[in-house]
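K.L.:
Chain residues, written in single-letter form:
2 protein chains.
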Amino acid sequence: MVRTVVEPATSDTEPTAKGEQTRRLIVDTAVRLFGEQGYDKTTMRAIATAAGVSVGNAYYYFPSKDHLVQAFYTTVQDAHAEACEQLLAAPGTFVDRLRAAMLAGVETMAPYHGFAGTFFKTAAEPGSPLSPFSAESAPARERSVRMFRSVVDGATTKIDPELRAELPELLWLAQMGVTLYWVHDTSPGQEKTRLLVERSAPLIDRLVAMSRFRMFKPVTREILSLYRLLR
Amino acid sequence: MVRTVVEPATSDTEPTAKGEQTRRLIVDTAVRLFGEQGYDKTTMRAIATAAGVSVGNAYYYFPSKDHLVQAFYTTVQDAHAEACEQLLAAPGTFVDRLRAAMLAGVETMAPYHGFAGTFFKTAAEPGSPLSPFSAESAPARERSVRMFRSVVDGATTKIDPELRAELPELLWLAQMGVTLYWVHDTSPGQEKTRLLVERSAPLIDRLVAMSRFRMFKPVTREILSLYRLLR
DNA sequence: GAGCGTAGTTGAACACGTTCAAGAAGGGGC
DNA sequence: GCCCCTTCTTGAACGTGTTCAACTACGCTC
Chain P
5 MVRTVVEPAT SDTEPTAKGE QTRRLIVDTA VRLFGEQGYD KTTMRAIATA AGVSVGNAYY
65 YFPSKDHLVQ AFYTTVQDAH AEACEQLLAA PGTFVDRLRA AMLAGVETMA PYHGFAGTFF
125 KTAAEPGSPL SPFSAESAPA RERSVRMFRS VVDGATTKID PELRAELPEL LWLAQMGVTL
185 YWVHDTSPGQ EKTRLLVERS APLIDRLVAM SRFRMFKPVT REILSLYRLL R
Chain Y
5 MVRTVVEPAT SDTEPTAKGE QTRRLIVDTA VRLFGEQGYD KTTMRAIATA AGVSVGNAYY
65 YFPSKDHLVQ AFYTTVQDAH AEACEQLLAA PGTFVDRLRA AMLAGVETMA PYHGFAGTFF
125 KTAAEPGSPL SPFSAESAPA RERSVRMFRS VVDGATTKID PELRAELPEL LWLAQMGVTL
185 YWVHDTSPGQ EKTRLLVERS APLIDRLVAM SRFRMFKPVT REILSLYRLL R
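In order, the protein sequence lines correspond to chains P and Y.
The numbers in the numbering used here rise by one with no breaks, and the one at position 162 of the first sequence is 166.
The numbers in the numbering used here rise by one with no breaks, and the one at position 98 of the second sequence is 102.
Mixed in with the good hints, there may be bad ones.
Pairs of lysine to aspartate or glutamate, EDC-like flavour, derived with a Cα cap of 20 Å [to be verified]: (1) P:K162 x P:D209; (2) Y:K69 x P:D44; (3) Y:K221 x P:D209; (4) P:K196 x Y:E226.
Some chain P residues near chain Y, calculated using beta-carbon distances under 10 Å [claimed, not checked]: (5) T122; (6) L199; (7) L234.
Source of the hints: derived by calculation from the structure; they are not laboratory data.
Cβ coordinates follow ideal geometry from the N, Cα and C atoms, glycine included.
Put together the whole structure using the sequences plus the hints.
P.N.:
Given below as C-alpha cells:
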C-alpha cells in the first residue's frame with residue numbers, strides 16, 4: 005500500500021485537504037488586499053483574480069464578503085493577544101497591567117485605522133458575524149476576556165472577590181468602548197485614544213479600589229447584578 | 005405620466021419652491037417605504053417610482069441612500085423630543101424625570117426595532133452623516149442634549165454644580181449607550197432594554213448624588229476633565 | 001420675444017456583491 | 001475499466017447603489 009501525502013483527515017481541523025488549501029489561499033489573498041487597499045476598494049472579483057480562482061469559488065467557502073473580513077479581524081486580534089502575553093508575563097500592579105494591555109490593543113490596530121471604519125460599519129450590525137457579541141465572534145471574544153483575566157489575576161493590587169469574577173468581562177467591555185472611540189478618533193496618530201487609555205486606566209483602578217470599601221458595596225452589587233442580568 | 009398638482013406652497017423656509025417640493029416628496033415617500041418594508045428591501049428605484057420621479061432625481065437631492073435614512077432618523081427623534089416635552093412639563097425628582105425621558109426614547113423607537121439594525125449599521129460608520137457624532141447630526145444631537153438639560157433643570161434633587169453643567173451631555177451619551185443595547189436586544193418587546201432603563205436610572209441618580217460628597221470630588225473632577233478633553 | 005444661465009430631471013450605463021445551473025475532479029465499490 | 005456520489009469550480013446573470021452626459025423648464029435681462 006502506498007502512503008499518500010494526505011493524512012487520514014479524520015474530523016479534526018481539516019475536513020479535506022484540497023478544500024482547505026483553496027480556503028486558505030482565498031483568505032490570505034483577501035487579508036493581504038484588505039490591508040493594502042482597504043475594504044471597499046477590495047472587490048470580490050479582485051480577490052478571486054489575485055488568488056487565481058473564480059468569484060463563485062470564493063462564495064463556496066465564504067457566505068459573504070463580511071465573513072472574509074472576519075478572518076482579517078481574527079488576525080489582528082491574534083496579534084494583540086500575542087503581544088499581551090509577553091507584556092503580562094511578569095506580575096505587576098493592576099493599573100500597569102491594564103494600561104499595557106489596552107495600549108497594546110490600540111497599537112496593534114493602529115496600522116488599520118484608515119479602513120477600520122468601513123469594516124467597523126458591518127461589525128456594528130446586530131446580525132453580523134463580525135459583531136463582537138455574535139456567536140461567530142465567541143472564540144475571539146473569549147480569548148480577549150481570558151487575556152483580561154490574566155491582567156486581573158497577575159495583579160498585585162487587592163480586588164474585591166465578587167467584582168474580581170466579573171472584572172475581566174467588564175474590562176473587555178471597556179476595551180470595546182475604547183475601540184469605539186478609536187474608530188471615530190480623527191486626531192493625528194489617534195493620540196486622543198492613547199490619552200483616553202492613559203487616563204482611564206488609573207480611573208478604573210481607582211474605582212476598583214474604591215469598590216472594596218463597605219459603603220460602596222450596595223452600588224457595586226447593583227452594577228454587577230444589572231450587568232449579569234443584561235448580558 | 006401622473007403629474008402631481010403643484011400648489012404655491014408659499015415659502016417660509018424653502019430656498020426655492022419647486023425643488024423643495026420634490027425634495028419633500030422624495031423624503032416622505034422614502035420614509036414611508038422604510039417604515040413599511042425596511043431599509044434593504046426599499047430600493048432607490050422603488051422610492052423613485054413610488055414618488056413618480058426618476059432615480060437620478062433622487063440623487064440630485066440626496067447624495068446617497070444613507071442621507072435619506074437621516075430624514076427618517078430625524079422624524080423619530082422629533083417624536084421623542086415632543087413626547088418628552090409633555091412628560092417634563094411639571095417638575096419632579098431627577099430619577100423620575102430621567103427614567104421618563106429615557107423610557108420615552110425606547111418607546112418611540114420601538115416600532116422600528118425590526119429594521120433599526122440595518123440603518124444603525126450605516127450610523128456606526130465614522131464618516132457617515134448618520135453618525136450621532138457627525139456635523140450633520142448636530143441639530144438633532146443638540147436638541148436631545150437640550151431635552152436632557154430640561155431633565156436636569158426641572159429636577160428637585162440637589163446636584164453638584166460642576167457636574168450639572170456637563171450632565172446633560174453625559175446623559176445623552178448614556179442614552180446612546182441604551183440605544184446601542186436596544187439595537188442588539190433580541191428579547192421579546194425589547195423588555196431587557198426597558199429593564200436596563202428602569203434600573204440604570206436609579207443607579208445614575210445614586211452616582212450623581214454621591215458625587216456631591218467631598219471624598220468623591222477628585223474622581224468626579226477627573227472624569228469630567230477627561231470627558232471635556234476627549235469629546 | 002429672444003437669448004441665456006441656472007435649477008431641475010431623465011434613463012441608460014457602470015461596478016459591485018451575490019446567486020445559480022452547469023460542469024469538472026476526485027475517489028471508492030464492482 | 002465503469003458507474004456513482006460527493007466535493008469543488010466556473011462564469012454568466014441578477015439586482016443593487018451610484019454616476020453622468022444630455023435634456024427640459026424656468027426666471028431673468030435686454
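K.L.:
Look at each hint and say if it fits the structure.
P.N.:
Hint by hint, here is what the structure shows:
no.	hint	in the structure
1	P:K162 x P:D209	holds (10 Å)
2	Y:K69 x P:D44	holds (17 Å)
3	Y:K221 x P:D209	holds (16 Å)
4	P:K196 x Y:E226	holds (16 Å)
5	T122	holds (7 Å)
6	L199	holds (7 Å)
7	L234	holds (6 Å)
Violated hints for the displayed structure: none, as all numbered hints are satisfied.
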